[in-house]
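Student: Note that the protein sequences, when read in sequence, are chains A and B. Using the working numbering, the first residue of the first sequence is number 1, and each one after it goes up by one. Using the working numbering, the first residue of the second sequence is number 332, and each one after it goes up by one.
None of these hints come from the bench; they were simulated from the model. Take the hints with a grain of salt, since some may be wrong.
Said to hold, decoys possible - Each computed DSS-like pair below joins lysine-lysine, with the alpha-carbon atoms no more than 27 Å apart:
1) B/Lys335 with B/Lys428
2) B/Lys396 with B/Lys335
3) B/Lys497 with B/Lys335
4) B/Lys396 with B/Lys428
5) A/Lys92 with B/Lys396
6) A/Lys2 with B/Lys353
7) B/Lys428 with A/Lys3
8) B/Lys353 with B/Lys396
What the hints assert, rightly or not - Looking from chain B toward chain A, a few residues come up when the C-beta cut is under 10 Å (computed):
9) Met400
10) Ser404
11) Thr416
What the hints assert, rightly or not - Chain A is faced by these chain B residues, among others (derived, beta-carbon under 8 Å):
12) Met332
13) Lys335
14) Thr357
15) Asp365
16) Ile370
17) Gly408
We put the CB at the ideal spot given by N, CA and C, even for glycine.
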Amino acid sequence: MKKLINAPERAVEEALAGMARAHGDLLRVHFDPTFVVRADAPQPGKVGIVSGGGSGHEPMHAGFVGAGMLDAACPGAFFTSPTPDQMVAAAKAVDGGAGVLFIVKNYTGDVMNFEIAAEFCAAEGIQVESVIVNDDVAVQNSLYTAGRRGVGTTVLAEKICGAAAEEGQSLAQVAELCRAVNGNGRSMGMALTSCIVPAVGRPTFAIGEAEMEIGVGIHGEPGRERMMLQSADEITDILAATIFDDLPFQRGSQVIAMVNGMGGTPLVELYIVFRRLAELCDARGVIIARNLIGNYITSLEMAGCSITLLDVGDELLRLWDAPVRTAALHW
Amino acid sequence: MIQKSTLIDWITIYAQEISTNKEQLTALDAAIGDADHGINMDRGFTEVMQRMPSLREQDIGSFFKGVGMTLLSKVGGASGPLYGTLFLRMGMASGGKEELSLTELAAQLSAGVDGIRQRGSARPGDKTMIDALAPAIAALQEAADAGQETCQALEAAAAAAEAGMKATIPMQASKGRASYLGPRSIGHQDPGATSAWLLIKAAAQAACSAQ
Chain A
1 MKKLINAPER AVEEALAGMA RAHGDLLRVH FDPTFVVRAD APQPGKVGIV SGGGSGHEPM
61 HAGFVGAGML DAACPGAFFT SPTPDQMVAA AKAVDGGAGV LFIVKNYTGD VMNFEIAAEF
121 CAAEGIQVES VIVNDDVAVQ NSLYTAGRRG VGTTVLAEKI CGAAAEEGQS LAQVAELCRA
181 VNGNGRSMGM ALTSCIVPAV GRPTFAIGEA EMEIGVGIHG EPGRERMMLQ SADEITDILA
241 ATIFDDLPFQ RGSQVIAMVN GMGGTPLVEL YIVFRRLAEL CDARGVIIAR NLIGNYITSL
301 EMAGCSITLL DVGDELLRLW DAPVRTAALH W
Chain B
332 MIQKSTLIDW ITIYAQEIST NKEQLTALDA AIGDADHGIN MDRGFTEVMQ RMPSLREQDI
392 GSFFKGVGMT LLSKVGGASG PLYGTLFLRM GMASGGKEEL SLTELAAQLS AGVDGIRQRG
452 SARPGDKTMI DALAPAIAAL QEAADAGQET CQALEAAAAA AEAGMKATIP MQASKGRASY
512 LGPRSIGHQD PGATSAWLLI KAAAQAACSA Q
């Protein structure tokens, strides 16, 4: 294992300390329990938005803490859900009297820990709503699995809900909006390589030079199917076809299109994928109203990408365009 | 009767077992999950052992609750809430006691396992820790009803847990991260069922050496 770390067990903490120094104008980092909070929290009268998950997906979630997006993020150990005490402390730190929204990616650990945290918050009189994001179309059978995973749509939901909270929408409204974004977003990912969890020191799975894994989540886990490696266009076709058919996206619909890198794929390749995705959207009459291309929800140094399409109306576009000021997303 | 010191030994032995088997648990998890089960459990039980000097001074109910809260706050992932819930429920069921009968221990473990089922909504056959724990509880209760000694009864429970753990190998997972693999999860032993077997085995070891 070759990594820029000092010690696996200190990696998350040291990275957060670095973030705190780099972005002191945007956020503060609290340790024991660990959470990252907007520098000017709590905002009186504003719904607080809290998310969290295992580390190794950077910039998600701590990179999205700031005005117009998340009020707090709870980072866990690598690929491991954070714990309820972190979530409760974060909720207390951001509660400005209008309640707190938990945005939770659908993974067994994340869901259970946030559920326990919501129970603890309720016991302490903090109003909490939770919305579970489950947009991964790679998971076909939700009845005999833990359900669709939460992936790319989470980034878009955090931006859009952050904007709604910033303009004073109520907890019920922001939660409803989050459910609507989740309902209209679909993602699918693929991997060219596995990744190495620092404490493990070896790749999570073995994959041959001529192979790829289609339908992966964001934890270096094996995906839906192992296939022979194909060209960027063919890979884009496979990912996009599954997404298009799932919602389904209609001719004339507007979308926010995200081409996301898994951490080990250069931007130049992501643009090649986006180019093909745009051709496919054109051919189907799907209008790419906005796009986001880069590494936003990653899986350590895994090479690969995911595509997310979010069907949006003018109201969601307005919230998407609203100002945001975070370490990873700002306009 | 089972003394509090035996229960402290149980947790101490289990913490050692987790530490010894950390790599194996993580390797099982790498095959069908995300390669962190051994690491997370070890982090939790290392913290439990650090807090042991104060935990051991408390009654059995508070002792188990303390173990549960420590796991809940230090483990994360899916195993934190599940093992945390197990010990919290055991603690709630054991009031302010200083010793337990075998029947009481069986009832408390059973309450703990019910808590796991509710939190994780897993059923037998889903390829989870329940597949080791449910037969262990059944064997323990049967042995207690038959008037067996604690050591024998827990050894029977550990054997049932081991059989249940091995039975997860041909199962297709339908809960947790392994469920995403579909048929590819078949042929692998479930890491949660493995750590659950170690838990019951540690209980038998503590009880038998206390005799």
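Student: Does each hint fit the structure? Answer for all of them.
Tutor: Each hint, compared with the structure:
A threshold of 27 Å between alpha carbons decides the hint, and for B/Lys335 with B/Lys428 the separation of about 9 Å falls inside it, so the pair holds. The suggested pairing of B/Lys396 with B/Lys335 holds, with an alpha-carbon distance near 14 Å, which does not exceed 27 Å. Distance restraint check for B/Lys497 and B/Lys335: the Cα-Cα separation of roughly 31 Å exceeds the 27 Å cut-off, and the hinted pair is therefore not satisfied. With a C-alpha separation of about 13 Å, the suggested pair B/Lys396 and B/Lys428 falls inside the 27 Å cut-off, and the hint holds.
Restraint check for A/Lys92 and B/Lys396: satisfied, since their Cα atoms lie roughly 24 Å apart, inside the 27 Å limit. Distance check on the hinted pair: A/Lys2 and B/Lys353 sit about 22 Å apart at the alpha-carbon level, within 27 Å; holds. This hinted pair does not check out: B/Lys428 and A/Lys3 have alpha carbons roughly 50 Å apart, beyond 27 Å. For a cut-off of 27 Å, the pair hint linking B/Lys353 to B/Lys396 stands: about 24 Å separates their Cα positions.
Restraint check, B/Met400 versus chain A: the minimum CB separation of about 9 Å is within 10 Å; hint holds. Here the hint on B/Ser404 is kept, as its CB sits about 4 Å from the closest CB of chain A, short of 10 Å. Hint status for B/Thr416: holds, given a least beta-carbon distance of 8 Å to chain A, under 10 Å. For B/Met332, the shortest C-beta to C-beta distance to chain A is roughly 33 Å, which exceeds 8 Å, and the interface hint is violated.
Interface restraint check for B/Lys335: the shortest CB-CB distance to chain A comes to about 27 Å, outside 8 Å, so the restraint is violated. For B/Thr357, the suggested interface contact is upheld, since its CB lies about 6 Å from the closest CB of chain A, less than 8 Å. For B/Asp365, the interface hint holds, since its Cβ comes within 8 Å of a Cβ in chain A; the closest pair sits about 4 Å apart. Proximity of B/Ile370 to chain A holds as hinted, the smallest CB-CB distance being about 5 Å (cut-off 8 Å).
Checking B/Gly408 against chain A by beta carbon gives a least distance of about 4 Å; that is within 8 Å, so the hint holds.
Consistency with the previously given hints fails for numbers 3, 7, 12, 13, ordered from lowest to highest.
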